[in-house]
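K.L.:
Sequence:
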Amino acid sequence: MQFVYFEDQVAGRQRLYEQPVERITAYDLDDVPHTFRKIKQAHAQGFYLAGYMAYECGFFAEPILRKLFKEKTGAPLLDFGVFKNCAHDQELVTAYGSVDDLAPQWTEAQYEQRFTKVRDYIRAGDVYQINLSF
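Everything in the sequence shown is counted per full-length UniProt numbering, starting at 1 for the first residue and increasing by one.
One or more hints might be untrue.
As the list claims (entries may be wrong) - Label-pair ranges, simulated between beta-carbon atoms:
| id | residue 1 | residue 2 | range |
| --- | --- | --- | --- |
| 1 | 5 | 43 | 17 to 27 angstroms |
| 2 | 98 | 30 | 43 to 53 angstroms |
| 3 | 70 | 103 | 34 to 44 angstroms |
| 4 | 27 | 103 | 15 to 25 angstroms |
| 5 | 2 | 28 | 35 to 45 angstroms |
| 6 | 29 | 131 | 36 to 46 angstroms |
Stated by the list, open to error - Below 20 angstroms or equal to it, Euclidean Cα-Cα: the simulated DMTMM-like pairs (lysine to aspartate or glutamate) are:
| id | residue 1 | residue 2 |
| --- | --- | --- |
| 7 | 38 | 22 |
| 8 | 40 | 28 |
| 9 | 40 | 22 |
| 10 | 67 | 28 |
| 11 | 70 | 28 |
FYI, nobody ran anything at the bench for these hints, they're computed from the structure. Bear in mind the structure is a predicted one, so any value in this text is a computation, not a measurement. A virtual CB, placed ideally from N, CA and C, is assigned to each residue, including glycine.
I would like the entire structure built from these sequences, with the hints used as guidance.
P.N.:
So, in C-alpha cells, the structure goes:
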C-alpha cells in the first residue's frame, strides 16, 4: 500500500493520504517543468497532492546552477501522489515540552556581516539557499 503521512506541529494536525490514483515523478531536471504542469492540472481537477521535492530540484530554480547538476541517484527529484481525498485528518496529540536557555553564539554585528555575505552569494547566483544559523 502506498501512502503519505504528515504531522503539522504548528497547526496541530495530522493527515494521511492512501491509495493514490496516480504518481507524478521527475527523475531529470528537463522533466521538472512538465511535472509541475501535471501537478497543477491535478490540483485544478480537485485532487489532493502529497509528496516531496528533492533538494536537488533547486538546480532547476536557478538557471546559472543547472549546468552544475550532475548527480543522478536513481531517486526522483519530484515524487507526488495524486489522491481523491484525505483518508485521515485529525488533531495531533502531543505532549507539552519546552526548550530553555537558548542563547545566540554570534553578536548582532557578526550576524549582520554573515547575513550580508549570504545575500551577496544569492544575488550573484552562486547559491540558491543557505541555512544561516547562529
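K.L.:
Now, for every hint given, state plainly whether the structure supports it.
P.N.:
Hint-by-hint comparison with the structure:
A hinted range of 17 to 27 angstroms holds for the C-beta pair residue 5 and residue 43, which are about 20 angstroms apart. Between residue 98 and residue 30 the beta carbon distance is about 47 angstroms. The supplied range of 43 to 53 angstroms therefore holds. At roughly 41 angstroms, the beta carbons of residue 70 and residue 103 sit within the given window of 34 to 44 angstroms. Between residue 27 and residue 103 the beta carbon distance is about 44 angstroms. The supplied range of 15 to 25 angstroms is therefore violated.
The hint said 35 to 45 angstroms for the Cβ distance between residue 2 and residue 28, and at roughly 22 angstroms that hint is violated. The hinted window of 36 to 46 angstroms between residue 29 and residue 131 is violated, with their beta carbons roughly 22 angstroms apart. The suggested pairing of residue 38 with residue 22 holds, with an alpha-carbon distance near 11 angstroms, which does not exceed 20 angstroms. With a CA separation close to 19 angstroms, the supplied pair residue 40 and residue 28 stays within the 20 angstroms bound.
Pair hint residue 40 plus residue 22 holds up; C-alpha atoms about 14 angstroms apart against a cutoff of 20 angstroms. Between residue 67 and residue 28 the CA atoms are separated by roughly 13 angstroms; this keeps the pair inside 20 angstroms, and the hint holds. A C-alpha spacing of about 10 angstroms is found between residue 70 and residue 28, which places the hinted pair at or below 20 angstroms, so the restraint holds.
Hint violations for this structure: numbers 4, 5, 6, all remaining hints satisfied.
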